[in-house]
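Heads up: the protein sequence lines correspond to chains A and B, in order. Quick note: the first sequence, position 32, residue 32 per my numbering, numbers continuous. Quick note: the second sequence, position 315, residue 315 per my numbering, numbers continuous.
Treat each hint with caution, since some may be false.
Stated by the list, open to error - 25 angstroms max Cα-Cα, derived DSS-like pairs, lysine-lysine:
hint: 1; chain 1: B; residue 1: K233; chain 2: A; residue 2: K68
hint: 2; chain 1: A; residue 1: K113; chain 2: B; residue 2: K183
hint: 3; chain 1: A; residue 1: K7; chain 2: B; residue 2: K233
hint: 4; chain 1: B; residue 1: K183; chain 2: B; residue 2: K43
Calculated from the structure, these hints are not laboratory results. Small disclaimer: the values here were computed from a predicted structure and weren't measured.
So the chains spell out like this:
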Amino acid sequence: MQEIMKKRAEELLQDGSVNRILGWKAGEFVYDITPFVFGSAEELDQGFVYNDFCGNNLSKYLVSESRKEGKILAFLKPCDTYSFNQLVKEHRILRENIYVIGIECGGKADIDKIKANGISGIVGIESCGSGFTVDTIYGRETVEKNSAFLERCTVCKSKKHVVYDELIGEDGEVLDAGRFDMVEKIEAMTTDERFEFWRGELSRCIRCNACRNVCPACTCERCVFDNENSGAASKASADTFEENMYHIIRAFHVAGRCTDCGECSRVCPQNIPLHLLNRKIILDIDELYGEFQAGEDTETCAPLTAFTKEDAEPGTVNKKGGN
Amino acid sequence: MLKLSLTRLDDLFTVIADKESLYLPVDTAVGQAQFKKWESGVKMSTALNTVRSAKDYFFPQTENIVDFRIQGKNIEIVDTRNESEDFILFGVRACDAKSFTILDKVFLAEPADTFYKSRREHGTVITLACTRPEETCFCSAFGIDPANPAGDISAWIAEGDIYFEAVTKKGADRIGIFASLLKDADDSAVKAQKEATAEIMAKLPLSGLNLKGFHADALNEKFRSPKWAELSKMCLGCGTCTFICPTCQCYDIRDFDTGHGVRRFRCWDSCMYSDFTKMSAGDPRHTQLERFRQRFMHKLIYFPANNDGVYGCVGCGRCLARCPISMNIAKVVKTLGDE
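Bound-form chain A, shown alone (with noise of 0.2 angstroms):
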């Protein structure tokens, strides 16, 4: 896949098709990529890579890149074509300096996950078929496939590419894995259980902004948080409830343009699921308007967006209890 992609890439550079390509660095240990653009065929050499952790979600960058100038090639997973399509309904994007190809995803790995089976001083990992065979400078060790994807890939919402221009790899279906699972465990607690619940998962927070700066759907040329005017932009807690304010404005602010792309829970470095409050809310969309995928297209009018006299009413609200 990484050669058939690299090649093509090559291709489209040399054609004059595009001036950038837009993809993942090799790092020093094999899991720590790092998105890059390459600019010639001797960077594409010296270490685009594509593996089963590659899972930074690369369109936010178009937002800048789609500026610059001349044709940038994108590859995108299943995924990120979602995030690519509501950037470009957002206006966000400009999609005619953009080259898409879509790539086929099969899950990406998450190393904590990796490392959570004792496993450290990892000097390679090499995939075959259902696992990973570790090497480590104590040894070698194996870990099913399954017991290490990213959170968001054991409950895939699509295996399917909702936008490219050309395609490496097939196209997959939308699937139901099971998404909502954990916020309808969340709902059917007591409110006291789930104020529990949020208190302590966001009393982890460390207000380092990472999911907000990854978030697809934060693309603000000023946060809130980061405007002095506000009366909100605070780098550290003033009071015990300000990480609480923060996140849950946050997923108020991305309500029905949040794809699930669940990048805010990948990058959090302490793992709070930020994830369940932005499913949470599409759940309380598909709900209250209908069955609605943010990023599906790039034309149709959002439910919080648009006004129609079968809209729920806000006392709906209410009648579920608070739920």
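Place chain B on chain A using the hints.
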């Protein structure tokens, strides 16, 4: 050298906690180790290190520094400083122990930071030797021996026992709290462990990380390197690396309007943020390239230039593990270092 059977670890913690607050690494429900206050029933984590560093205990993320209470036309200024209580920080790794000496250079230089100083004076650091370093570890590049950690008291877990040795005068004094549990021991098990760890360190992928070329004389050359553009290009501008870093020490001072006064607090700041060191004329570093460069120039050039060659990094590897785009100081050193 003194030792205690590992089966009596709970007795040890009970005795210490009876005298002073005891903080040690604990596994959390989300599978990470974090420093927590010990109480009966709490188990010490066996993880190599905590996600957040131990610096929090001397330099917390947020602390109030002064209150202004306003009544009519009167403003009362309240000094909110309290003398820190005595506490013991247990299970600190060699890298984090070294980070305290780096923070000391910043906060204890005259005029000393009284908030930090009080905590340093009242805190006792008991370190624990590493036996299973990870691929992200590169403390040896900074002259740190993970098998021989500093701190006030050093500890080793070997062959079913935990060994102790006081390092500082404070350590020699504080070991008295639990000395009644310890018995004299020879150091053969510890010696063997040190040798084994040294062999492992040599096998680590970053063991050869070379800091040659990072010194005060190279300031202009490194600052002007065209490679910063490539290194910083994809940086998200979040503060993860700075907040989990044991040596990052920049902070901001902010006012919180309480409605009937002002609570002035300081909080960690990040050079990765767009308003970092913002002045009346605006932000001195306009792009992420400049912010990114600042972080690494500070650690690898400016800090050693002002502090007898001591780098502002201890090779703990936290930023290697946590950066959302896996860009980090090891990659910077490899890209910009001399051959």
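List of violated hint numbers, smallest to largest
2
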